[in-house]
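**Q** Given chain A, put chain B in place with the hints provided.
Those protein sequences? They're chains A and B, same order as listed.
Start counting the first sequence at 1; every next residue gets the next number (our numbering).
Start counting the second sequence at 599; every next residue gets the next number (our numbering).
Any given hint could be a false lead.
As the list claims (entries may be wrong) - Straight-line alpha carbon distances no greater than 27 Å define the calculated BS3-like cross-link-like pairs of lysine-lysine that follow:
id: 1; chain 1: B; residue 1: 1119; chain 2: A; residue 2: 544
id: 2; chain 1: A; residue 1: 584; chain 2: B; residue 2: 753
id: 3; chain 1: B; residue 1: 753; chain 2: A; residue 2: 521
id: 4; chain 1: B; residue 1: 953; chain 2: A; residue 2: 475
id: 5; chain 1: B; residue 1: 953; chain 2: A; residue 2: 570
id: 6; chain 1: B; residue 1: 697; chain 2: A; residue 2: 364
id: 7; chain 1: A; residue 1: 314; chain 2: A; residue 2: 250
id: 8; chain 1: B; residue 1: 1023; chain 2: B; residue 2: 764
id: 9; chain 1: B; residue 1: 697; chain 2: A; residue 2: 537
id: 10; chain 1: B; residue 1: 1014; chain 2: A; residue 2: 416
id: 11; chain 1: A; residue 1: 469; chain 2: B; residue 2: 962
id: 12; chain 1: B; residue 1: 1014; chain 2: A; residue 2: 264
id: 13; chain 1: A; residue 1: 364; chain 2: B; residue 2: 1067
id: 14; chain 1: A; residue 1: 301; chain 2: A; residue 2: 316
id: 15; chain 1: A; residue 1: 99; chain 2: B; residue 2: 1135
It should be emphasised that the hints constitute simulated quantities derived from the structure, not laboratory data.
Each chain is listed here by its residues.
2 protein chains.
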Amino acid sequence: MIRPFASRGRFRSPQKKSAPAMQERRRTHIIPAAFQKKIGEMRGENLKIVPLGGLEEVGRNMMFLEYGDEIVIIDMGLQFPEEGMPGIDYIIPNIAYLKENKHKIRGVIITHGHYDHIGAIPHLVPELGNPTVYAMPMTRGIILRRQEDFKHLPKITVETIRLDEKLKLGNYFEAEFFHVNHNIFDTVGVAIRTPAGIIAHTADFKFDNNPVGDKPADYAKMAALSAEGVTLLMSDSTGAQHPGHSISEKAIQENLEHIFVHSKGRIIAVTFGSLLSRVQQLITLAEKFNRRVVVEGFSMKSNIAIAQELGYIKIKRGTIIDVREVDRYPANEILVIGTGAQGESNAMLMRIANKEHRHIQLQKGDTVVFSSSVIPGNERTVQSLKDLIYRQGGSVIHYQMMDIHAGGHAQSEDLKMMMNLMRPKFFMPIHGNYFLLKMHADLAESIGIEPENIVIASNGQIVEVSREKISATKKSVPASYVMVDGLGVGDVGEVVLRDRQMLSEDGIFVIITILDSKTGKIYGSPDIISRGFIYLKENQELLKEVRHKIRQIVEHTASPEATLNTDYIKNNIRDKIGQFLFSKTERRPMVLPVVIEV
Amino acid sequence: MIRPFASRGRFRSPQKKSAPAMQERRRTHIIPAAFQKKIGEMRGENLKIVPLGGLEEVGRNMMFLEYGDEIVIIDMGLQFPEEGMPGIDYIIPNIAYLKENKHKIRGVIITHGHYDHIGAIPHLVPELGNPTVYAMPMTRGIILRRQEDFKHLPKITVETIRLDEKLKLGNYFEAEFFHVNHNIFDTVGVAIRTPAGIIAHTADFKFDNNPVGDKPADYAKMAALSAEGVTLLMSDSTGAQHPGHSISEKAIQENLEHIFVHSKGRIIAVTFGSLLSRVQQLITLAEKFNRRVVVEGFSMKSNIAIAQELGYIKIKRGTIIDVREVDRYPANEILVIGTGAQGESNAMLMRIANKEHRHIQLQKGDTVVFSSSVIPGNERTVQSLKDLIYRQGGSVIHYQMMDIHAGGHAQSEDLKMMMNLMRPKFFMPIHGNYFLLKMHADLAESIGIEPENIVIASNGQIVEVSREKISATKKSVPASYVMVDGLGVGDVGEVVLRDRQMLSEDGIFVIITILDSKTGKIYGSPDIISRGFIYLKENQELLKEVRHKIRQIVEHTASPEATLNTDYIKNNIRDKIGQFLFSKTERRPMVLPVVIEV
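With the rest of the complex left out, here is chain A (with noise of 0.2 Å):
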């Protein structure tokens, strides 16, 4: 449920006000006609841009500009945990450049928003002494939501931004924003004034001319700020190993369609909680073919409700049931849309195939519609997954057989075409890994920009533009890694995730031995405790042969004429009994020897 909210905002009107009514309807305050005198003129200084996250991955996309006393950033995107990172929740950017400036900051901009441009804010704003936060109205709601998440962390400040209004932050700094498509609604491209000229930051983007429930990118406002001048381009590459034009919904639909025709028992159709209008497009079939709508998951159904408020998604009446009455309507009647394309271990769909659902059960002749793309990572997890259905009768239909699911970003064609629409002096691509930047600068250089005007720069690293010269400077900020695990943010690092690591290969072997302080002898037997090794029970031979060894061990070293030093003893355990563990096995416990005098 979102509330109606009084904006502080500190927007600049245009002379012509042209918002969609969509846009309107939430607006309940007055902008105040402040910010006529223009920004400031360049005075020696380059501008700064640094990204902090996502140039060197898929995720954790935040950067910031900097001109003189005045900093604006722009998203605070989480990352997932990569391999061999176990246990982390996910991994955000490191602000310990911008905790030291914090009196700069002017405000945080936000693109759209998925969780790879805004799931860093409930940890950062605070830290940053709470900017205020600019975003669209879809990507503010989603945002207030996840704070709810947070409650023992501090509220933050969210303002609305429109289309038709420019955004002066600071002295320095004037934002406007151009719709693009994505595969969220309300996510806007950012072109800031500066001192150096226009800077535009396409965010994720794609460009769809046909697409559902949603309009076409804004090409005359981009068109607009090419003919004024764009010093920079700063541009999505996630799909720039892709050749050609990224499909449009419009075409999902019709084989969305064809799936609603053909079949003849439930659809069961899952995509991303945040794809709202592949949602759109669902219902509105469902609606078309007589299907009664159940919709699961908790970040589906709250981003429906948020989307529904703000008019972006319209449900007729009487579509929606509850799922309680899932199997009062024949099969053929019911379309379920929910969440768990990825075999989410907790999403509907793996709780429905293992039947854990408690209203729904798979049923010989339900056809389940992954509609989204796997990502990569997950595809083990979905091939299970897909067992469980066929195993209850169920039949899948995924994107690799038909064309049932676009994803969000621009292929190489669409790339170029905002290239050329924007004819920015400078290319800076972004969003993506290091090889994903490099093909998208390739594509620039394809279509005529300079290679000395096109910077591929790393995280961290200050890029200073002026209007003639960009250049990606020796200089950086911190940019490692911040991980959260739990309650903890950053207290997590490479030691600690490389003793993890090597605890989940072959386990962890405890020897305790507790010495007579007097005698330099084993008092008793020594403790063992294994885990994750082999079982202690079939291997007392094993065990037997260690307690022997450990005993030589401590007699050979320890005797009642020399001073105990349990250090060595303990080095010496952990070599030769983890040798002598690896002659046997070839694994390779973890050997934690403990030795206690008493």
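**A** Chain B alone, transformed into the frame defined by chain A:
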């Protein structure tokens, strides 16, 4: 190096011999013309077919046929570990049933040399009384090469099979072999004449009418089997979810040629170590475009050596150069072929990308060609690998950009063609996850095989076949995972894996408390060792609280009056400290309390 060998096989020669030269070459023995009598007749009992792996996953392929007191085994593969199996090397089939019936085993037929069909041989054959393994020359070479990695295991006997011969195994089984296409040379389907009629097994296969260095599949022989009447067809389901036909190697060749035409620097091509037809294509192109070839990677080199000796790969004199000579030639005269397309840490490409290769460093202008698909689970590693390549000035061409790889498995249309060629009475899909088997079964139904004549079996399930009827019975033999970890086979089970998983998520927290058995009081301060949880040094406050709590717990439960109950104290410490740590960190390390009385 493959040595000539004398076969002790029991082959029945056909009337007319027409073996191609390349198979003739390696034979050094005369085939005894024995076994003129027909195979045993049906006598009240059904033929049993029992899959031991490969019917609920892609991998670990193995099955056996049993009639009377005779058993024939087909394939003995391994499966790579799934998520949630940290530290496991691989999984092999469970042979509990076969071990008890090893006196019945008449032979082991291997269809081709991929590890998911041969990988368990070193572990299983010696356990089964060393039955003879029958394989085509290339397959035999790979099996014998792999045996060298298991010098501590007993030697095995591998006989060569011929396409123009029949192999009598016991009284009830007579096998003959038909050539199929797959992405390794010498892949054969198997037709076994049994008392229940012909049981055909396609192996892994595809149809390629323009294969490279190979012939098209032997349609004529399949048609002849069909004319004789096939009781049961068991067919490869791996590609069942893909519509249409698979791409011919001819098309791949044309795209590869395109790369050779346009590359101005070195070409570094990586593919699977066993994909020798691809290697042949690359070498042929190198010869055409005047490039010298360096081959790197142990498995690839040894496979090429085997194939060259068998005459399956043709390389002109002077084409191959030593890796140490690589810098003596201009960049556009070099082709490097190697392994590492999955981002394997020890393979050639990763070593080059990490600057750890002794002779090859990436340089600007290098084109790295990934001529293979990415196995699910390896996507992220491959992305990092691409980053490394681009950072060093190389560029990458992979199968998502251009058809430079064809999978080895028949897709829907070819699967239907196989059924139409063989016209079996009964059909049983093999090789794949359940959803693939089901999709394959649906294809069978679509071409008119009656549903009651189609059986989808599970691993371990006993399928009974006569000429009239097929049924997946309710009886089964053990088919659970047998995990190989270092030298241990089957000694890692659920508990050990669960512990490893838990350790990897949040680490371990060991608490060692020494009690004075006389007073029941804690002796000194409890020792705490933790790994993979948090940095203890930076969390002294937490440790202090934990020590305080332990003291409370012990003093509350132990007293000089009562008898010391260390189990009770331990459980108390585990529960309460576990809860305390979770409340402070939202992490759940494995808490291991050790209580020692002195």
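**Q** A separate judgement is required for each hint: does it hold in the structure or not?
**A** Cross-check of the supplied hints:
no.	hint	in the structure
1	B/1119 / A/544	violated, 31 Å
2	A/584 / B/753	holds, 22 Å
3	B/753 / A/521	violated, 48 Å
4	B/953 / A/475	holds, 25 Å
5	B/953 / A/570	violated, 37 Å
6	B/697 / A/364	violated, 40 Å
7	A/314 / A/250	holds, 17 Å
8	B/1023 / B/764	holds, 23 Å
9	B/697 / A/537	holds, 25 Å
10	B/1014 / A/416	violated, 43 Å
11	A/469 / B/962	holds, 26 Å
12	B/1014 / A/264	holds, 25 Å
13	A/364 / B/1067	holds, 26 Å
14	A/301 / A/316	holds, 16 Å
15	A/99 / B/1135	holds, 25 Å
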